Amino acid sequence: MMILLLVLPLAAALLMLLWPRIAPLLALFSAAVCSFLALQLLLQVSEQGTRYWLLAGWPSGLAIAWQADTLSCLLILLTAVLQLLVGFYAFATRARDKLSQGFWPLSSLLQLSLTALWLSRDLFNLYVCLELLALVAVALVSLSGRKAIKPALNYLLLSLFGSLCYLLGVVLLYGAYGRLDIAGLVSQWQPNLLTNSALLLMSLGLMLKAALWPLHGWLPAAHAAAPAPVSALLSALVVKGPLFILCLLWLQLASTEQAQAMAPLFAGAGLAALLFGGWSALRTPFAKNLVAYSTVAQLGYATLALGLMLKFDQPLIFAALWLFVLAHALAKAACFLAIGEMSGTLGGKRLTTLKGASQTMPLAMFAFAVAGGSLIGLPPSGGFLAKWALLQGLWLQEQQLFWPLALVLATLLSAAYVFRVVVLAFDRADPVAPDFSPQVLPQWLALLPALAVWAMALFSEPLLLLLRLEAL
Amino acid sequence: MVEFSSSLNLFLATAATLVAIGVYGFIVGPEPLRRIVALNIISAGIFMLMVVLAYRSAGPDAVSTLADPVLHALVLTGLVVAVSATAFALALLARLGKTTADRPEEPGP
Amino acid sequence: MSLLLFDVLLCGLLLALALASVLSRQLSHAVILYIAFGLLMALTWARLAAPDLALAEAAIGAGLTGALCFTALARQGKLAASPTLSWQQRCWPALFVLVTLFGLLLLVLQLPAKPGPLPALVMQQLAASGVSHPVTAVLLNFRSWDTLLELLVLLLALLGTLQVAPAPVYQSSWVLSRSWSQLLAPLIIVLAGYLLWAGAHQPGGAFQAGALLAAGAVVLKLNHQLNWLAWRNIWVRFFAIAGLTVFVAAVLTAWLLSGALAEPVWLRWPPELAKYIILLIEIFATLAIAITLTLLVVAEQPATPLSLARQEDDEAADG
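Protein chains in written order, with the working numbering: chain A, 644 to 1115; chain B, 30 to 138; chain C, 372 to 690.
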């Protein structure tokens, strides 16, 4: 049953290439079935515990290792559900946005490559997954046509450079230990110059791919240039793939000393991302760039949580890390869909076209505001849940005042850029007239993930329990 | 077997230097095409490192006379991945050249 | 001693070509030097007991990448004039790279001289894999999931390329080259078939054969033969995805066949059938690789809705 999660999107994508006419139907069908299967897998794993596979049944070391723990299952579920939602949005707006037919097979392949990445526990297989992910992402960005080519090329080149850094690290590790599976490497791991350098090289490549500060330069242009549904997928899911591998490396492979030494770097980079991303989001004149810079800032939370996790080794902080990722994925999907809907209807990329949007397109604006609330971390949203877990985790460590204060500052910044949009939208004096009457269905679809991120509060107990189980 | 191991070290050093040359080209090279070539040189360096590492097991005291097949398979996979990515990057580049050539208000330097 | 001399010469030439390619003033020189570098790389791999890779590198690394780069150069047209860099723009990166190089050298010379446990494990399990050539066994049995994903990467590059491919440029071909290419074609097909068949027990296999076929097809295609070989042809699309389709079908069949066991294992071939399954996958993978690589090199704007170029040209005409 589990392999259907991989076979179904692949088979759907291949069929779409042969018969492009039925592509949307196939994509939606496979995403729907996969969501259902992923939910079943999550329930099964949370009951029976983590499942391991050695592909093709060869002995450990020779075979590629897979592992489905609760975190992987949660991410698989998130991928499938967001895929379904964005697919519906793309289908609902296909007549207006002239989204190319190429979107459908690519979106199914995106789902496949992410699912493969969440499952894999083999360093070289992860490299192939990363390359697959990068190529899908760039192909999706280039769907926008002429204006997106330059950011897409830039994204591809940097992404390839990142992959090669990662590959060099993998090769060094293989040269030293002669294996590629993470479990096998852990058992022989010794902290020395070689493993230090390999970890650093791999981290460099992954940080470039995940757009973590200071290697985030390519992200705003690429995410802003893509069509709205693609931006939603990229910001919500694609950048999380390398982040996941980064966590695998530092939380499982690295020894305690190595992790301790790296902790301040990650925490500092996260903080800088929060401040810099927030500030840039405040300054940019374009609506989609604002949301893209907000992604840079929000990834800062995850990096900060990773740094603090390495430092304090506190299960609550680990839970906070992935709560941030989940909440951000849902909120950012809502933001990009809402902004895409508004810019599409009001006809303009600049922030000023959103003037009076609360009157002309109340639903989309509401979706943006609700999702923004989670980005800020207003209780009881998913963003709040994550921040609260982080603060609680810090609280358990004595005498930690600096980090909570920094979190407050970052919260203020994110509140500032969200309110920048909201205030403009409530300026009803002279609203920008829409080019055509707004469509209702896409706005509802943008609202759905925004509501889901607030509904995370209802499941806070099981979510925290699931993620804390995962902490190593 | 002094000769053998010094050869091995020579190839290892060459691989590392190739990577460094590629990195230099990637950072400096102003044109995207040169960056793509530089990326290919980096990957050639990394593949060479892998092949040299595979050659270790072909030595006289090793289990077999064959080089490490796992690494060879990985290099083959890596080669195909690299050529795919290069092809896509070049296609994007060609498109970029066309779009900039279409606009008369942006003449070359 | 003479072998060491040869090695020194080889490494020196490799480094010189790479450096010259990166530093050369003109882009076209950079590309030509890179192609020479690729050919020398193939030679290096033959020296390092890697004949599989030497074949693949000669066909893919030097041949196809070179053809791709030249196509890009031709399409780029007048953009080829490269700006000159000030010495500061060159010096700081050079310093940084030198430090990196020093670190890398320190690292690679530290690597242990003994191989890891995997080569021995491969030899031990080789008999159960269905083929006798260890590289093929790793690619299509021990780590077949990597290979499946890799075929997907190839397909994806094609999808992306077709999306952004510019309109075709029609040029007449040279009569002599056309007749030459017609002579070359059957030879290449025979050679590719041999490589594919040899892959089971000696160097060779799907990728090398596919790349060789692609090289032949590219030559023919550039001479305006093989006009049916385009994405709009449904059979071409069918065979371009056939490698993946057959692979997945084989996986599913094998999975269902082993369903009687307590815990069915994903991607496991039944040992008695492994040989045939691998051969089947290789045949279709070869075709798919050949078609995909050919289309990658001579990418033309397809007449399907997949293309953006057409849509944009329409928009430009409207505006």
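Worth flagging that the hints you see were computed from the coordinates, not collected in a lab. All figures in this text were calculated on a predicted structure; none of them were measured in a lab. Incorrect hints may have been included.
Each computed SDA-like pair below joins lysine to any residue, with the alpha-carbon atoms no more than 25 Å apart [as the list claims (entries may be wrong)]: (1) Lys485/C / Leu661/A; (2) Lys592/C / Leu661/A; (3) Lys485/C / Pro464/C; (4) Lys485/C / Val57/B; (5) Lys592/C / Ala613/C; (6) Lys485/C / Leu375/C.
query = Is Lys485/C within 25 Å of Val57/B, Cα to Cα?
reply = Answer violated: Lys485/C to Val57/B is near 37 Å, above 25 Å.
ask   = Under the criterion that the straight-line Cα-Cα distance not exceed 25 Å, is the pair Lys485/C, Leu375/C satisfied?
value = Within the cut-off at roughly 21 Å; holds.
query = Is the Cα-Cα distance between Lys485/C and Pro464/C 25 Å or less?
reply = Answer violated: Lys485/C to Pro464/C is near 35 Å, above 25 Å.
ask   = Are the Cα atoms of Lys592/C and Leu661/A separated by 25 Å or less?
value = holds (23 Å)
25 Å limit on alpha-carbon distance, applied to hinted pair Lys592/C and Ala613/C = holds (21 Å)
inquiry  = Tell me if the straight-line CA distance from Lys485/C to Leu661/A falls inside 25 Å.
reply    = The given pair, whose Cα atoms are some 49 Å apart, is violated under the 25 Å limit.
Violated hints, in rising order: 1, 3, 4; the structure is consistent with all others.
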